[in-house]
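For the record, the sequence lines run as chains A and B. The first sequence begins at -19 in our numbering and counts up one residue at a time. The second sequence begins at 3 in our numbering and counts up one residue at a time.
Careful, some of the hints might be misleading.
As the list claims (entries may be wrong) - In silico DSBU-like cross-links for lysine-lysine, where the CA-CA straight-line distance does not exceed 30 Å:
| hint | chain 1 | residue 1 | chain 2 | residue 2 |
| --- | --- | --- | --- | --- |
| 1 | B | Lys32 | B | Lys94 |
| 2 | A | Lys78 | B | Lys76 |
| 3 | A | Lys78 | B | Lys32 |
| 4 | A | Lys176 | A | Lys74 |
| 5 | B | Lys94 | B | Lys76 |
| 6 | A | Lys74 | B | Lys76 |
| 7 | A | Lys74 | B | Lys32 |
| 8 | A | Lys141 | A | Lys74 |
| 9 | B | Lys19 | B | Lys121 |
| 10 | A | Lys74 | B | Lys31 |
| 11 | A | Lys87 | B | Lys32 |
| 12 | B | Lys19 | B | Lys31 |
| 13 | A | Lys141 | B | Lys121 |
| 14 | B | Lys76 | A | Lys87 |
Quick caveat, the hints were computed from the structure, so don't treat them as lab data. All values reported here derive from a predicted model rather than from experimental measurement.
Below are the chains, spelled out letter by letter.
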Amino acid sequence: MNILVQTRNRLSKFLLAFFKKKRSRIGIYGPPNAGKTTLANRIASDWTGETVGQVSEVPHETRRASRKTDITLTGANGSSITIDIVDTPGVTTKIDYKDFLEYGITKEDAITRAREATEGVAEAMHWLREDIDGVIYMLDSTEDPFLQVNIMMIGIIESRKLPVLIVANKIDLPDAAPQRIRNAFPQHPVIQISCKEGKNVEDLYEKMVDHFG
Amino acid sequence: MPHKCANCGREYRNGAKELLAGCAECGGKKFYFVPYVRRHEKKKEPEPEKEVPAVVPPRVEAEESPQTDAGVDKLESVRIVSPGTYELNISKMANSDERVVGIGRGDGSYIVDLLSMVKPKSGKKHKKSK
């Protein structure tokens, strides 16, 4: 009898080692001001009641990657996933302090911000290189998706064989054109949402459970 | 005086024969390049309009040398000072493959080479080949 119990325990340990799902780390990537932190905050507050970072209309408000761990999302069919959400700084290829001056930031602060933002891009890329299991690529529906940085980032994510969900955000704005994003990246699922108003966010959660589960 | 002995810190001007023969003080043959832009900015701030060719640094700077390893803590690996004039941050380039290009004389404008930041670590290749 004792041998039977021992064998059962060993077998279950063995099977767990193989089939136990590792907690996925999902990175929210995208150009500056696409709404990455807003989405991270919404996911975190909807499922854990807490927030991740501060939101602002000035580009590069998030200059350090921040993480919210142990978020369990449950889909309509009852299946669930536990993920860590990593909100990353906006990825861009050019950062100029002059772009910040129009927001009333002093030259010294703008220069510091530009430096930190550049370091932030490096940090975001570092996470992508080392620690990310899936990507939510966030785009502003009112902007042209055919930017070099978007094409390059999607290419990089594909080359690393990471599952990616593209989110067309800000569909509440009058000049939003999420169809452009669908046309730009037909090879990936695109979910159109308004993070600010919470529109279609449930669809995104459903898709996340499906895609990253 | 943009060249600084890595050993004793003595500075030499561009083209000085000690750069090839070795430092007159300690005999060291390694020299840091002290970025010209920084020195230029510090000393010549009141008249930024005046352009001095980068290859002929002003002599006045000979006595005072407050700079220590300028460029080492800089974010960019290459700075395009003006078309055709570049500053290379050797220590950054030696330590990482990431390429950040600084634009212009001051700080605050950068171009980031994203592809250089996602290259797999060279260690992984070794693992595979084993």
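Hint check against the structure, violated hint numbers in rising order: The structure conflicts with hints 3, 7, 9, 10, 11, although it agrees with all the remaining ones.
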